[in-house]
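Undergrad: Could you build the full structure based on these sequences and the hints that come with them?
There are 2 protein chains.
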Amino acid sequence: MDEFKVTPWEVSGKVDYAKLIERFGTKRIDAALLEKIKRHTKDLHPYLRRQIFFSHRDLDAVLKRREEGGDFFLYTGRGPSGGMHVGHLVPLMFTKWLQEKFKVDLYIQITDDEKFLMRDLSLEETRKFAYDNIADIVALGFDPKRTHIFVNTEYAKTLYNIGIQVARNITTSTNKAVFGFTDSSNMGISFFPAMQMAPCFLPRGKDGEKLQCLIPAAIDQDDYWRPARDVAPKLGFPKPAQVHSKFFPSLLGMDAKMSSSDPRSSIFLTDSPEEVRKKVMRYAFSGGRDTVEEQRKLGADLERDVSYQWLRFFEEDDRKLKKIGDDYSSGGMLTGEIKGLLADNLNAFLKGHQKAREKAKGRAEKLMLRD
Amino acid sequence: MDEFKVTPWEVSGKVDYAKLIERFGTKRIDAALLEKIKRHTKDLHPYLRRQIFFSHRDLDAVLKRREEGGDFFLYTGRGPSGGMHVGHLVPLMFTKWLQEKFKVDLYIQITDDEKFLMRDLSLEETRKFAYDNIADIVALGFDPKRTHIFVNTEYAKTLYNIGIQVARNITTSTNKAVFGFTDSSNMGISFFPAMQMAPCFLPRGKDGEKLQCLIPAAIDQDDYWRPARDVAPKLGFPKPAQVHSKFFPSLLGMDAKMSSSDPRSSIFLTDSPEEVRKKVMRYAFSGGRDTVEEQRKLGADLERDVSYQWLRFFEEDDRKLKKIGDDYSSGGMLTGEIKGLLADNLNAFLKGHQKAREKAKGRAEKLMLRD
Numbered sequence: 000m001d002e003f004k005v006t007p008w009e010v011s012g013k014v015d016y017a018k019l020i021e022r023f024g025t026k027r028i029d030a031a032l033l034e035k036i037k038r039h040t041k042d043l044h045p046y047l048r049r050q051i052f053f054s055h056r057d058l059d060a061v062l063k064r065r066e067e068g069g070d071f072f073l074y075t076g077r078g079p080s081g082g083m084h085v086g087h088l089v090p091l092m093f094t095k096w097l098q099e100k101f102k103v104d105l106y107i108q109i110t111d112d113e114k115f116l117m118r119d120l121s122l123e124e125t126r127k128f129a130y131d132n133i134a135d136i137v138a139l140g141f142d143p144k145r146t147h148i149f150v151n152t153e154y155a156k157t158l159y160n161i162g163i164q165v166a167r168n169i170t171t172s173t174n175k176a177v178f179g180f181t182d183s184s185n186m187g188i189s190f191f192p193a194m195q196m197a198p199c200f201l202p203r204g205k206d207g208e209k210l211q212c213l214i215p216a217a218i219d220q221d222d223y224w225r226p227a228r229d230v231a232p233k234l235g236f237p238k239p240a241q242v243h244s245k246f247f248p249s250l251l252g253m254d255a256k257m258s259s260s261d262p263r264s265s266i267f268l269t270d271s272p273e274e275v276r277k278k279v280m281r282y283a284f285s286g287g288r289d290t291v292e293e294q295r296k297l298g299a300d301l302e303r304d305v306s307y308q309w310l311r312f313f314e315e316d317d318r319k320l321k322k323i324g325d326d327y328s329s330g331g332m333l334t335g336e337i338k339g340l341l342a343d344n345l346n347a348f349l350k351g352h353q354k355a356r357e358k359a360k361g362r363a364e365k366l367m368l369r370d
Numbered sequence: 000m001d002e003f004k005v006t007p008w009e010v011s012g013k014v015d016y017a018k019l020i021e022r023f024g025t026k027r028i029d030a031a032l033l034e035k036i037k038r039h040t041k042d043l044h045p046y047l048r049r050q051i052f053f054s055h056r057d058l059d060a061v062l063k064r065r066e067e068g069g070d071f072f073l074y075t076g077r078g079p080s081g082g083m084h085v086g087h088l089v090p091l092m093f094t095k096w097l098q099e100k101f102k103v104d105l106y107i108q109i110t111d112d113e114k115f116l117m118r119d120l121s122l123e124e125t126r127k128f129a130y131d132n133i134a135d136i137v138a139l140g141f142d143p144k145r146t147h148i149f150v151n152t153e154y155a156k157t158l159y160n161i162g163i164q165v166a167r168n169i170t171t172s173t174n175k176a177v178f179g180f181t182d183s184s185n186m187g188i189s190f191f192p193a194m195q196m197a198p199c200f201l202p203r204g205k206d207g208e209k210l211q212c213l214i215p216a217a218i219d220q221d222d223y224w225r226p227a228r229d230v231a232p233k234l235g236f237p238k239p240a241q242v243h244s245k246f247f248p249s250l251l252g253m254d255a256k257m258s259s260s261d262p263r264s265s266i267f268l269t270d271s272p273e274e275v276r277k278k279v280m281r282y283a284f285s286g287g288r289d290t291v292e293e294q295r296k297l298g299a300d301l302e303r304d305v306s307y308q309w310l311r312f313f314e315e316d317d318r319k320l321k322k323i324g325d326d327y328s329s330g331g332m333l334t335g336e337i338k339g340l341l342a343d344n345l346n347a348f349l350k351g352h353q354k355a356r357e358k359a360k361g362r363a364e365k366l367m368l369r370d
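Protein sequences, first through last, are from chains A and B. Numbering (numbering that gives the first Met the number 0) for the first sequence: 0 to 370. Numbering (numbering that gives the first Met the number 0) for the second sequence: 0 to 370.
Don't take each hint at face value.
Treat identical chains as interchangeable: a pair holds within one or across any two.
As the list claims (entries may be wrong) - DSS-like, lysine-lysine: derived pairs with alpha carbons at most 27 Å apart: (1) LYS354 - LYS144; (2) LYS360 - LYS156; (3) LYS233 - LYS127; (4) LYS144 - LYS156; (5) LYS127 - LYS209; (6) LYS127 - LYS205; (7) LYS321 - LYS37; (8) LYS144 - LYS209; (9) LYS322 - LYS37; (10) LYS321 - LYS278.
Everything labelled a hint here was simulated from the structure, so no lab data went into it.
TA: The structure is reproduced here in structure tokens:
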């Protein structure tokens, strides 16, 4: 019995990522695969170097096909249940890097239907969150010629037409087994997986070309891709490929639950510099020692220190990160200092992001797909 | 235990309509209600006079609201799994009469998604059948200013947006209990009921006015309307009202199964006059006696005679129908004669229908709703 749980709607317990690879039947992104990626991309994104994107399915096949002149497209998404926090950017920033390196089309699904079906929110509220989130996404600077964003309720004709083709090939018993639906689930959410799988099978261009898609996402989304891969051959598509990330930790601790309803647990993209500094200083779980003396003598536990772990996501410079880690774990650096570094890093990022976000509002419209 | 079964996908056993009213919790269309209808319509459609439309929910409330100056709209549909036969016209002809009498809007849903999910048909095939059926429907001559037809896969954005609001309010266990879905049902068909319920909740006009709908349909569709009525108040709509028809019998016998795959069991709207006559003469189950002598002496059993029963659907003149019934049941008329009368009646109707069908193809486009 594993004592942790990972589903699209619940992550609990201390996640053992090696076990998750076994449980889901995925593959580790190992040194050999990193080498293969590098042949295409020249350098490696920090998330690859640091094993934040750690698992995959068929990424090797995607690269091989590419070497033979074939193409693929990227697909990722966001569930608009509220404002976005910095952790939500992780798969998106990595996706942006992949798009820059491979110059491929990207589809971003905003699942307002899912949030409407799962939460106590109106369609007006989920749509408002959708466009709020889209501003943040566009602000990241995706290639405007190759990026397509859609809100499910606005693209439902296209998605439903593909969704029923997916759904015809999945029995209720498989659906229940994979997603854990019960008799008390509403009859809408149990169809929703077909809508999230649908973009894997978007035919492209006039000829309806059937390209392979590559999905960068946190590994809790994997439930969707296993049945999607089973269905793919029946729809004449290559099996969707995935790269999976580890979870972005709560500010309150490595095993604490990240909760949108608890603003202490994360930094929102709209937080002011003062709020950011206050939250980090007050709430970031420390792996440092109880007293300055102990910290100087024994050093911090980097594995449990959220500030250090967050810097692994946001400090791009490996040498800087290593120096911080070395100093902090050896006692040369105190908790207040690493927290200050994290707050500086986040505020520098957010300053640029918040400016970009304002400009993005006007630019988003051009990227939208609607029926 | 009742020994008959009535669901949207299966009708079997000898249907006891009085028991069905109890089982479904509907009301009989009685003499008092017929009088109320007549106050609006002046005359009564033969299907009302003959108790072919025999059951209802809230028809009295619809009439009352109308008397108080309120409005309603009509909604009916067709599942495009093949060419239409004469029995498929029954609810449509009655709907046409209602529209003429009440001058109200009518929405006609073509459920190509359902047929795709339930049958071994491609989306191309179900769409082909959809437009073939639409030609037959338009040929009936609905008011072009007040009639709106949509094919589900082409109107899926509108329907899905309403469908998720319906679906959020129905649990999987209710859905299974009402429709008999099992773990081997595919995950698409178990969402489909939300798509069939959706048009009950089409907001109308700029203000999104929420009118009551009245659904004329065979009583096997009733499964959809019970949960739709439960959901209505949650969406701020009046409960959808219904009028239910009895089933149109197979040519092969009153209790025989009507099967689209057995062309002997019905008359298709595209059958030639020769085919019609041949089918009626050869296959119409006879309630007459084995020999001419016995028929002359004992007369026919009208209840079991399909030719007579079909004439109840197609001979509008009550006196003519009564005379045929009297003559045939008393032995004055032979089976060959009543079959001849039925063939004449059907061929006269089909001659006009087939001409109208050709013209309808050009006119249909103006009635279509698409996202």
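Undergrad: Treating 27 Å as the Cα threshold, decide for LYS354 and LYS144: within, between, both or neither.
TA: Within one copy only: 22 Å inside a chain, 52 Å across chains, cut-off 27 Å.
Undergrad: Cα distance capped at 27 Å. Does LYS321 pair with LYS278 within a copy, between copies, both, or neither?
TA: Answer is within: at 24 Å inside a copy they meet the 27 Å cutoff, but 87 Å across does not.
Undergrad: Is the C-alpha distance from LYS127 to LYS209 at most 27 Å within one copy, between copies, in both cases, or in neither?
TA: between (33 Å within a copy, 24 Å between copies)
Undergrad: Checking LYS321 and LYS37: alpha-carbon separation at most 27 Å within a copy, between copies, both or neither?
TA: within (22 Å within a copy, 88 Å between copies)
Undergrad: When no copy is named, should LYS144 and LYS209 be tagged within, between, both, or neither for a Cα gap of at most 27 Å?
TA: within (20 Å within a copy, 42 Å between copies)
Undergrad: Could you place LYS127 and LYS205 in one of the four classes (within, between, both, neither) given a Cα distance threshold of 27 Å?
TA: between (33 Å within a copy, 21 Å between copies)
Undergrad: For LYS322 and LYS37, with the copy left unspecified, which applies at a CA distance of at most 27 Å: within, between, both, or neither?
TA: Within one copy only: 25 Å inside a chain, 90 Å across chains, cut-off 27 Å.
Undergrad: Within, between, both or neither: how does the pair LYS233, LYS127 come out at a Cα-Cα threshold of 27 Å?
TA: Close across copies (22 Å), not inside one copy (36 Å); limit 27 Å.
Undergrad: Between LYS144 and LYS156, at a C-alpha cutoff of 27 Å, which is it: within one copy, between copies, both, or neither?
TA: Answer is both: 23 Å inside a copy and 26 Å across each meet the 27 Å cutoff.
Undergrad: For LYS360 vs LYS156, is the C-alpha pair at or below 27 Å within one copy, between two copies, both, or neither?
TA: Both, since 25 Å and 25 Å are each at most 27 Å.
The structure shown violates none of the earlier numbered hints.
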